[in-house]
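Line by line, the protein sequences give chains E and S. So in the working numbering the end of the first sequence lands on 664, straight run, no missing numbers. So in the working numbering the end of the second sequence lands on 333, straight run, no missing numbers.
Hints listed in this document are in silico derivations from the structure and should not be mistaken for laboratory results. It cannot be assumed that every hint is accurate.
On the chain E side, residues computed to face chain S include the following (Cβ under 10 Å) [stated by the list, open to error]: (1) D70; (2) A73; (3) S75; (4) D76; (5) L77; (6) H82; (7) A87; (8) E88; (9) P98; (10) Q121.
Which bits of chain S does chain E cover? Going by a derived footprint, with three or more residues having C-beta under 8 Å, they are [stated by the list, open to error]: (11) 95-103; (12) 275-289; (13) 293-306.
Below, computed lysine to any residue pairings styled on SDA-like, alpha-carbon distance capped at 25 Å [claimed, not checked]: (14) S:K252 to E:G89; (15) E:K226 to E:H255; (16) S:K201 to E:E88; (17) S:K201 to E:R101.
A quick note: this is a predicted structure, and the numbers were derived from the prediction, not measured. For glycine and all other residues, C-beta sits at the position ideal for the given N, C-alpha and C.
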Amino acid sequence: MIERRDPSPVLPPPPVGRVVATEQKPATPHQFHFWTATETSIGIGAIVRVEGSGGGAQVSGRVVYGVVTDAFAYSDLVTPLHDVVGAEGDPARAAENPTARQEIRLWTAAVLRQIPAEPLQPVPLGDVHVATDADVAQALRMDAYLGRGGAQPTAIPVGLYTSGGLEAPVYLDADFLLGPEAAHLNISGVSGLATKTSAVEFLLSSIFQHFPAHRGRVAAVCFNVKGPDLCFLDRPGTLDDEDRRRYERLGVGAHPFERVCYYAPFKADGVNLNTLRTHPDLVGDVEPLVWGLREVLDYAEVLLNRDDIDAKADAFIDFLSDRVVDREFDDGFGGAHRVVTFADLERLFRSIFDGLELASRSDTWRTHHIATIRKVRNRLSNISTRCKGLVADDGPSNDLPWGRFEDRAVYVVDVANVDPLGQDLVFARVVSKLREHLERRDLGVEAVVVFVDELNKYAPGDGPETYVKKMLLDISERGRYLGLVLFGAEQFRSQVHRRVVGNAGTIVFGRMDSDELATPGYQVLSPATKIKLATLPVGELMVRHPHFTQPIFVRFPRPAALRGRDGVERFPPAADLSFDEAVVRQLVKLDRRVRPNAVKDLIADRREEDVRRALAHTRQARPQDAFANFKKELGRRVAPAMAPGSPLERQSVPPLSPISDEPY
Amino acid sequence: MSRSWVDAILAAGVVPASSVPEASLGRTDVEEFTGADLVEDPELRIHPLVGVRPLAPAAVAFLDGIEHWRVAGYAGVTPIVEAYVAAAVRRRGGDRRLRTVAEQTEELAITRLDRLPDAVRRALEGTEVRVVEIPAEDAGLPARALPAARVAMQAARAALERRLAERHAAAMSAEEWLVVDGVLSDSAALSAHPRTLGVVKSHGAQYFEGPELERALTLPVSHRTSVFRPRTRGARRDIHSWYLRLWPWEGKDLLYGLLRVEARAHADTIALASRVSAWLMDERAPLATPDRRWDRLLYPIHDVETYLRARTPRELLAPPPPSLPSPLPRTGS
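Same shape as in the complex, but just chain E (with noise of 0.2 Å):
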């Protein structure tokens, strides 16, 4: 797994190297340092070998692995000044020296690894070598999960670690990436140069050819919360050679992912999806994602926060999940009612409204106050106008696979357009189904990675306890017991909950801002390893793994699935179909023999949320026959029968007076 690139055989290489300690820069157990010819391929985040000789058996059969940490270069001048003096005041004389001063190349290096690890002594003053590939995996102690000895691997290729011409793989351990000895990744970096994507892509990629089937299944879902991002996993990205060449060393095919489901919301209008995957060559892979009321109230502490909803909106909206939803329901005014969804819900609020107006005109229903009743209902109103497009007032659900999951499947939620609220909604219930589901073992697969990113939006390190931070606190707090790993990625790491990115095994750095770099949390880098990080070029990232005990540079190639931004130029979106064109879309989608002109004579007449239900019930049946099923559900609900003098038939709901107290 380990291998040189140029596999011809060499003598050992010439130290590069010599460590050095004085009083004032003395080498320790943790740190030493070294100095190098001028010239040297030697650079910040290299890893050297350092043998040590002489002095005994303890020196002499000690090897330690240091990665450069720092790097200083001063000459013999003693002061500036005299540079001045022989330079005469001019600079341009001073580069005509006709001989060069002595100078040196210290570097700093931190320990990776000592061997023997007892007793633990300071570096020895020994000659300093390049890393081989054999020394990285030594150093960075890959050797305990490459499957040496007999174990099986349970490697996972991260990048190249490259230096001085050589270059070899670094691997994390899946134990320590999805659980159970640790998990979670989280990966830092300005925004703008797509290395985060970039760099969650490949891993995933990576951990699905590299994942150990003996660890189970394993999925991915996606949650795309800004422009295409993560539209276009399926489709072949442009790569170079240089790419492949980094593939092929990595053991990590070149090629999208294999398996990918694509879920998006509707736009407002209930019949076009609200994502930017809509070319319509791909379209047809994007399953709406719509929900109503059930899901709705399962979260509802989601979407009405505690300025909203107190204990006693609390009791009646679990009232109504508990006594009312999905039941056979009397509303004590001899109306029966079956509410499945937000209409059917609205036709229960106008009937109690109407019952108590006419009946008793009694301020209480069901020892729920009517202030309380028409809070809720105006709260719940209110998502399902947010949320349109989302939340069907009407028709079935539309989820992803629950139990379902296939093994090496990415699962994508688009909710790059959706209102914050609706973003909330979708986080929480999808991680809360997940984790009921691993914890159940019955989702279809063990481990789910849960890629989010802008994590300083959804788990700040301040601001309101919200509760899709509590969900990601979960998550890093217990999920790795369950196989549910948090990918989480931002721009600011020091404005993200410390608990989230504090139970993270794996950081991933990209390119870094300065500012952020100040802040305390990166105190333990040296400021060469910073400048470093502030200069990053696209496709390097500094990695830091449990069994790493100092962080390590590497490489990888560009995702091979097609990047957002360019996937929006080669699949242009879709302009927005008309109500009709948009019917006709999905019934085909479901039954090509579908004959357009005649889905469209068949809804001419029909009031929109008619057709939405009859299609959303054909989307939920996928009969064979999808246009007969539609022409059925369609007929059937599209005019629903009302007795006269019915509440339904009132268009608002009558005053009452008085109500209540209540400041609502």
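Given chain E, work out where chain S should sit, using these hints.
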């Protein structure tokens, strides 16, 4: 360097000592009036170097040496001096960096063998160290023995430098020059070599008197004197020489920034004196600080010296811990 011979003589009964005399400042010029004959001008004149095109050799080698000594012990009242001499040639090529091309070191035991007890003498002779004897008349009082030992050591150093320089000069290409720290006239080969220079920083020898002396010692910066021929003395060979001022001396000292350059006694030397001087003016930078002699010390020579000192055995640079307890209380610093 092995210290086994010191251990051997201490084991043989020598009383250890830890005296480290002041390090030598290098070979100095003779301190006497020798006189000179002018070969370029009828009288000692001052030649400006402004506008002179410097000589620009493709490669230049620089030679210097060092010496270290310490009194290893006393056999009776006879000192046994442990001496270390070293010399190196570092060559500068097109990349402006100096690299060592020749190096030689020698360890010496300096004493008077016939004043040593038999056991000590046998112990000393049983080792591989080269023993250099001081004259019998100096072997009594340490006040005379130690200066004699120093002279012996300097002679060894001069011989070492001369051997190394002659060997390198013989192998130099036609585009290469050799600059030696000190006089050339010790060596017949160097004195006659067309591309070898001696750069003398000490000015013990007096070549002029009266107004010419004043003219030489008050030479303005970026000027040289006429080329002259020091009058031959002792074993020294015929040579051409001139003074060169590297830095303004006004406000400092007459000898500040003053070099004396030696080259072979040849008409070409007179022809090239100004161009060679302009070249040496260029060698002022980088400054050879922090050496106190930086005003006269060329940086490459300083570099050779630094190189040699860096390679000097550590035990010679600092006295070994005394075997006998000091009567004085220990003090901290």
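Verification of the supplied hints:
no., hint, verdict
1, D70, "violated (24 Å)"
2, A73, "violated (15 Å)"
3, S75, "holds (8 Å)"
4, D76, "holds (7 Å)"
5, L77, "holds (7 Å)"
6, H82, "holds (5 Å)"
7, A87, "holds (6 Å)"
8, E88, "holds (8 Å)"
9, P98, "holds (6 Å)"
10, Q121, "violated (23 Å)"
11, 95-103, "holds (count 4)"
12, 275-289, "holds (count 7)"
13, 293-306, "holds (count 4)"
14, S:K252 to E:G89, "holds (21 Å)"
15, E:K226 to E:H255, "holds (24 Å)"
16, S:K201 to E:E88, "holds (22 Å)"
17, S:K201 to E:R101, "holds (21 Å)"
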